[in-house]
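Chemist: Sequence:
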Amino acid sequence: MTLTTTRLLHNAPQADPSPHVTVLVDRCAGCQECVVRCPTDALSMEPSTWTAISDDAFCVGCRQCVRTCPFGAIVVQGPMLVTARVSSPSHQPEHLTGSLEETRTGIHSWADAIAEASRCLTCPDPTCVRGCPAHNDIPRFIAAIRDGDLDEAHRVLSLTSSLPDICSRVCDQALQCEGACTWSLAGSTPVAIGALERFITDNSPIPPLEHTSDRGSRLDVAIIGSGPAGIGAAWELAQAGASVTVFEKDDKPGGLPRWGIPDFTLPQCVSSRPWEALLAGGVTLHCGTEMKPDQLDHLLQSYDAVVLAHGAGKPVRLTVEGGELEGVWDSTRFLVEARAALADHQSLPVLKEQTNPAVVHVPTVLVLGGGNTAMDVARLARRLGASAICVDWMDRRFAPVRPDELEEAATEGVDIRFSTTVDHLEGVGGRVAVAHLSPTRQSRATDTPKVVGHSPAQEHVDLVVMAIGYRRDPAFEAILPGVPVSCRHVGLPDRRWQASGLLTAGTPAFARRQPIGELALGRESAHARSALSVAKRVWAAGDALVGPSTVVEAMAQGRRVAHAILDEELSRASSQTLTEPVS
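Start counting at 1 in the sequence shown, then tack on 96, and there's your number in the numbering used here.
Quick caveat, the hints were computed from the structure, so don't treat them as lab data. A few of these clues could be false.
[Claimed, not checked] Capping the alpha-carbon separation at 20 Å, the derived lysine to aspartate or glutamate pairs in EDC-like fashion look like this: (1) Lys410 - Glu433; (2) Lys410 - Glu420; (3) Lys348 - Glu433.
Keep in mind that this is a model prediction, so the values were computed, not measured.
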């Protein structure tokens, strides 16, 4: 039997209120992984035996050494020495009906921003950066906040992000940067990275698009789609001096952030900012111009490269009896029409119809789905003066929705019912009137929910909105081989990922018990794939490549595509027609 011994400095405090590090000397191989990654210099090497030695006086209990040691040679006991997170309470409008007020307030004062920024450990190998799909240099922009230098903070963000003001509002940080923060991985509350990023953009104008090089000065690039992926690609290409033309089928640019995210989460003045900058920077935009797959050959005769960034805007409709009735909408139609109605201080006609004018009738909107889009639909319905019911067949524990979205929706009066599905819809005169709902049961996240019981409950409804997700345009599938690309890593992770300790962190509580390391590595695999063309001189990015994902993933992939195009020596003269897809 091997005797396990320990080593620490003789003067290390043993008091319970402080963290205590134990080095199991017989397991320590002297690889120095712990020493390199300790953010507080609490670990060093014993010269005589070349094993790790700790000084508890410097330890803050972050447990990075535990996660990164490949031999399990370190144990940390005791508390984590981190101050409380600066709260950013939500703002609820005094009168909800007709309100366009933003409900998430962010950090307001410099004192609070510096206090929150001071919680960051400035880790030598920051796992938060690996958790961010855009690879923002989070420790550096947080350090700039501590220094009171917002210009430097913007400079750091501009290296990796074209949409810091948008991403800071709409990112699910718990499953990305904040979930991967070392404090989250240790079981504590992470640094409020999203709120600090928003503080930068709220308090200092984002710099305009500037030409930073001539790498792309001989390139003419066409981009199909003006959403986050198209914005990311156009921004990087235009900065490099390329001539960029964007084709957008809608009458206004911006994609999902413009039409799909309500003003109470993303104000229009924020969502429109990137395109104002792109147009001012010389990017050409053609709205109301839908490009079909059979037009690619023509585009390739006029442009050196084509980027497919058309998103995944086809709403999914649930196959249910009564789904064809009038008054059963998809989420896209509702989001577009509801936002337009609110902007004009109106309601939707479908919600104003009353069969008996003498009776006050509060219309009811039934939303099928329990994700973030469903919450947006329901909260818009409340602002239009309707009552809103959200049903989702998943157990609440496994639903892919942000907790703050749920909390805000419930506060605003949305009736949220998980473990509930629609059995069938019943109409009167061809119009939906009654929804029959059944309970479901789900034991594990990987299980398909099962309907239980045989007596569906009834709800009288005026409008049913299917908000259960989106899919890619099937018309482009023939020219996109192997798409959608899976956001999963296959094979052994490279040494840097293994050494970071992110993959051994398990499922942190702050990350809603999701495998934060696996999610980050999967996104990284898709990000790398976006740099590869799908056909000669044709690239894809964002939802067009991976299926429905997130704003920040799409933007990051668009930027990656732009760099791949700039790295290629392209010429439209070398290939006049679209050839077979690249294998």
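Chemist: Go through the numbered hints given earlier and state which of them the structure violates, listing their numbers in rising order.
Modeler: none
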